[in-house]
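Assemble chain B onto chain A, guided by the hints.
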Amino acid sequence: MSSLSRDDVAKLAGLARIEMTEAELVELSSQFGLILDAVARVQEMDLSGVKATSHPQPLENIARPDVVLPSLSPHDALSGAPAQEESRFRVPQILGEAE
Amino acid sequence: MIRNTAAQMADALAKGETTSVELTQAHLDRIAAVDGHVKAFLHVDSQGALAQAKDVDARRAKGEKLSPIAGIPLALKDVLAQKGVPTTAGSKILQGWLPPYDSTVVGKLKDAGVVIMGKTNMDEFAMGSSTENSGYGPTFNPWDLTRTPGGSSGGSAAAVSAFEAPLAIGSDTGGSIRQPAALTGIVGVRPTYGAVSRFGLIAYSSSLDQAGPFGRTVLDTALLHEVMAGHDPKDATSINAPVPAVVAAAKSGDVKGMKIGVIKQLQGEGYQKGVQTRFDESLQVLASLGAEIVEVDCPSFEYALAAYYLIAPSECSSNLARFDAMRYGLRTGDVDGASAEAVMSATRDAGFGREVKRRIILGTYALSSGYYDAYYGSAQKIRTLIIQDYAKAFTKADVLVSPTAPTTAYKIGEKVDDPMAMYLGDVATIPVNLAGICGMSLPAGLADEDNLPVGFQIMAPAMQDQRLYQAGAALEAALLSKWGAPILSKAPELKGAK
Numbered sequence: 001m002s003s004l005s006r007d008d009v010a011k012l013a014g015l016a017r018i019e020m021t022e023a024e025l026v027e028l029s030s031q032f033g034l035i036l037d038a039v040a041r042v043q044e045m046d047l048s049g050v051k052a053t054s055h056p057q058p059l060e061n062i063a064r065p066d067v068v069l070p071s072l073s074p075h076d077a078l079s080g081a082p083a084q085e086e087s088r089f090r091v092p093q094i095l096g097e098a099e
Numbered sequence: 001m002i003r004n005t006a007a008q009m010a011d012a013l014a015k016g017e018t019t020s021v022e023l024t025q026a027h028l029d030r031i032a033a034v035d036g037h038v039k040a041f042l043h044v045d046s047q048g049a050l051a052q053a054k055d056v057d058a059r060r061a062k063g064e065k066l067s068p069i070a071g072i073p074l075a076l077k078d079v080l081a082q083k084g085v086p087t088t089a090g091s092k093i094l095q096g097w098l099p100p101y102d103s104t105v106v107g108k109l110k111d112a113g114v115v116i117m118g119k120t121n122m123d124e125f126a127m128g129s130s131t132e133n134s135g136y137g138p139t140f141n142p143w144d145l146t147r148t149p150g151g152s153s154g155g156s157a158a159a160v161s162a163f164e165a166p167l168a169i170g171s172d173t174g175g176s177i178r179q180p181a182a183l184t185g186i187v188g189v190r191p192t193y194g195a196v197s198r199f200g201l202i203a204y205s206s207s208l209d210q211a212g213p214f215g216r217t218v219l220d221t222a223l224l225h226e227v228m229a230g231h232d233p234k235d236a237t238s239i240n241a242p243v244p245a246v247v248a249a250a251k252s253g254d255v256k257g258m259k260i261g262v263i264k265q266l267q268g269e270g271y272q273k274g275v276q277t278r279f280d281e282s283l284q285v286l287a288s289l290g291a292e293i294v295e296v297d298c299p300s301f302e303y304a305l306a307a308y309y310l311i312a313p314s315e316c317s318s319n320l321a322r323f324d325a326m327r328y329g330l331r332t333g334d335v336d337g338a339s340a341e342a343v344m345s346a347t348r349d350a351g352f353g354r355e356v357k358r359r360i361i362l363g364t365y366a367l368s369s370g371y372y373d374a375y376y377g378s379a380q381k382i383r384t385l386i387i388q389d390y391a392k393a394f395t396k397a398d399v400l401v402s403p404t405a406p407t408t409a410y411k412i413g414e415k416v417d418d419p420m421a422m423y424l425g426d427v428a429t430i431p432v433n434l435a436g437i438c439g440m441s442l443p444a445g446l447a448d449e450d451n452l453p454v455g456f457q458i459m460a461p462a463m464q465d466q467r468l469y470q471a472g473a474a475l476e477a478a479l480l481s482k483w484g485a486p487i488l489s490k491a492p493e494l495k496g497a498k
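Residue numbers (full-length UniProt numbering), protein chains in the order written: chain A, 1 to 99; chain B, 1 to 498.
These are calculated hints, taken from the structure and not from any lab test. A couple of the hints might just be wrong.
[To be verified] Rough simulated footprint, nothing fancy, chain A against chain B, three-plus residues with beta-carbon under 8 Å: (1) 232 to 242; (2) 305 to 313; (3) 331 to 339; (4) 371 to 381.
[Stated by the list, open to error] Think about it this way: if two alpha-carbon atoms lie no more than 27 Å apart in a straight line, the pair counts; the simulated DSSO-like pairs of lysine-lysine are: (5) B/LYS264 - A/LYS51; (6) A/LYS51 - B/LYS392; (7) A/LYS11 - B/LYS357.
The beta-carbon is built from N, C-alpha and C at its ideal position, and this holds for glycine as well.
With the rest of the complex left out, here is chain A (with noise of 0.2 Å):
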């Protein structure tokens, strides 16, 4: 049975930028070993010489002209903004102050 402990799970979250409380890291890690069991099937098959799947369709980059089209003013881009300064978005700290 695979299996992830409560200190893998720490791990992804913060991967994941999920802060978490003691009580969901210990939950999750105790539903993970079934999930993984089910989702592992995937490695039953013989799978190799098949190719793989991202897509329904096959994709390709699609170019229009270079030509100016109406878009959202800052007003309305801003207008779910948490916190705004001067027609900009504010952030908290992204650098840190030894940086």
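What follows is chain B alone, placed relative to chain A:
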């Protein structure tokens, strides 16, 4: 008036027997009377709806040429952005967000004069099969208020089933239109991937997501399908081809000589007895109408669920990275000196629910180096095999069929602590999404053991959506004459309803 079909309502509007304002008000009254029990809506935009209705009535009075469903009220899944109207995708992280733009689907509805009455409840970011994962509490099945309406588009399905709206829009990533349609006794269609624009559809799993119509009849569903579909330059995956003639197909409803393939892997063991019985009966009905029934083998479908629960979480872990507390939505923990990373992590903890966190973590794991090939890579190869199974099956049959869901509606809370049991409910609908083809669920009757609706699923190749409607309309008409009345006439009256 509210119990009529959308086609009948459209007819009454065209003949001047009623107005859109009258029709819209009747539905708003119904919502006020019963939605306290059903909880299909997250937001009802009465003023906006009546203004739209008034506008359509004025245009009709002037003799303008209008779309076939102009003036008909509709319920919109809260996953689609509507300018100036609260749009949350069922998540606390988007509480209070007012989109500064319309999704293409909403733009098309407005152009067609469809009256958008409000936003419906859903599993958070469409992740779930019961609407219990909504950040705003569950929706209740109008057939039995102790049960779920399915999900993730449970609010939209319940609204149509409870006569709060004749039409609704949902989105279907792994069955989220077809399964709730099955569990509430209505019709739901997931169009071919790329047939309906995803611009302004809040993304869960971009290679699987597709918006589609709900109605109480196959024809009503087709009328909405034709209005919402079509090429959109704003969506790079939008198919640049004419919309299949789904309304004409729904009106013809002929299956004589049609080859109908029963998928061996999607029936029998694991399917509730009453579900299997109604499914088998519907097959006999189709055979009696002149269809040829064949059995088809799709061996890789056994692995579809596993592939889906790797691909969808992987894509979601990437898509939901945009909820970073910087540009819109919730921000918490923004105290003096807190780093952007700390604010982001605190916000995502506070704003995301359990299932969303579970899927983001699973996706992060499946995509992490060292595990990528074994999980995400293998899942993508299974996806290829599923596409090949379908291609082979469609050489033997024009449409493929199965029960939509293995069981009827289950109790609220029954599976909420057992994610794998919940995921199993999508076993018959997921292959369609992985292959990017189209599928419909329509009512096949009530299961004997619990008197709850059973869904019959029809699948067709990409951009052959009209075949769903042709076969669906034939089955619907034959079942209606057998039952003597539409299935929803057997649903109990809702408390508080006039």
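Hints versus structure:
1. 232 to 242: holds (count 4)
2. 305 to 313: With 5 residues closer than 8 Å to chain A, the segment 305 to 313 of chain B meets the three-residue bar; holds.
3. 331 to 339: Answer holds; 5 residues pass the 8 Å Cβ test.
4. 371 to 381: holds (count 7)
5. B/LYS264 - A/LYS51: At roughly 25 Å apart (the allowed maximum being 27 Å), A/LYS51 and B/LYS264 satisfy the hint.
6. A/LYS51 - B/LYS392: Measuring from Cα to Cα gives roughly 17 Å; hence the hint holds.
7. A/LYS11 - B/LYS357: holds, 14 Å
Taken one by one, the earlier hints all hold for this structure without exception.
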